[in-house]
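First to last, the protein sequences are chains A and B.
The numbering of the first sequence is the numbering used here, which starts it at 1 and goes up by one.
The numbering of the second sequence is the numbering used here, which starts it at 68 and goes up by one.
Don't take each hint at face value.
Once the Cα atoms are required to be at most 25 Å apart in a straight line, the calculated BS3-like pairs of lysine-lysine come out as [stated by the list, open to error]:
1) A:K43 with B:K131
2) B:K191 with A:K43
3) B:K191 with B:K173
No wet-lab data here; the hints were simulated from the structure.
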Amino acid sequence: MVRITLNGDSRVLERRMTIAELLADLEIDSRRVAVERNYIVVKRDAYGSTHIENGDQIEIVNFVGGG
Amino acid sequence: MDKLVIAGREFTSRLLIGTGKYPSHQVMQAAHDASGAAVVTVAVRRVNISDRSKESLLDYIDPKRYFLLPNTAACYTAEDAIRTARLAREVGLSHWVKLEVIGDEKTLFPDNEALLEATRVLVKEGFVVLPYTNDDPVMCRKLEDAGAAAVMPLGAPIGSGLGIQNPNNIRIIKEQAGVPVIVDAGVGTASDATVAMELGADAVLMNTAIALAQDPVSMARAMKLGVEAGRLAFLAGRIPRKSYATASSPAGGTIAAGVRA
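Could you put the whole structure together from the sequences, leaning on the hints where they help?
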């Protein structure tokens with residue numbers, strides 16, 4: 001099990017996975033979001049090779065209405 | 068109208084508008100269309116993990132027609148604003164950012180010290196930085212010196228609709244600026260946008276004045292016309308103000324002239 005903080009909430013992943021696998025599990029279209037792992041932006045082409053480790057802080061953001 | 072140029076990029080409109088607070092995505096889309104805007108701002112927020120059903124804002128913004136300008140709204144530290152700008156770059160694949168570092172919850176006035184720091188960092192990282200700041204000529208000059216691609220002084224507090232509170236400062240900011248001046252925030256109605264443009268501003272950025280108008284689509288068109296009117300009037304060169312009247316019609320030759328002697 002991998003314990004992480006995802007968008008400010010604690011979450012347990014059943015198995016070790018990559019950013020790409022996490023986005024797929026959450027049914028999030030990777031083309032419209034950005035991901036930060038431990039305060040560092042993960043480039044889109046690195047989602048498949050970036051593994052999520054125990055204790056990671058993951059942020060997944062998108063664009064919303066604003067001024 | 069003459070084109071707005073920021074960081075070497077041309078825009079067909081001098082009105083920049085937001086995407087927040089509209090009654091619906093459809094109304095927003097119609098208002099964007101009516102405004103003639105070429106740039107629309109967006110905010111960066113956490114994806115709702117538990118509810119993925121909501122429609123995406125991006126389904127209602129044609130990226131071929133509108134240039135997306137992400138903001139760092141609601142960031143209260145330079146660090147948060149910098150992180151948000153980096154994330155925005157990854158979502159939008161553009162290195163432009165409307166930089167906000169807020170210093171006070173009630174007024175939403177900027178924390179200029181942190182804003183300057185964040186500007187320096189992001190410029191060094193290759194961002195085109197458009198900072199939202201006070202109507203303070205000294206601060207605007209510091210931001211320009213730090214590499215800002217434009218300066219965006221507020222007309223009045225965000226969402227207040229009070230209009231341009233310090234017209235003289237906006238004029239001074241424009242006179243000394245070597246980068247475009249975009250009046251950002253505080254506009255309430257079309258005449259406010261006109262005043263900003265008449266003072267010499269290169270553009271006006273607004274959200275609430277359109278989104279929360281009773282008829283956002285009509286207000287968007289009014290703002291488009293207000294901005295155009297103000298720009299034309301500025302370029303035309305207004306007459307000097309005088310305290311007393313100067314007749315528009317000839318003084319002589321009236322039918323009363325004969326009996327005057």
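These are the hints, each one checked on the structure:
Of the supplied pair hints, the one linking A:K43 and B:K131 holds, its CA atoms being roughly 23 Å apart against a limit of 25 Å. For the proposed pair B:K191 and A:K43, the alpha carbon gap of about 19 Å is at most 25 Å, so the pair holds. Between B:K191 and B:K173 the CA atoms are separated by roughly 31 Å; this puts the pair beyond 25 Å, and the hint is violated.
Violated hint for the displayed structure: number 3, the only one.
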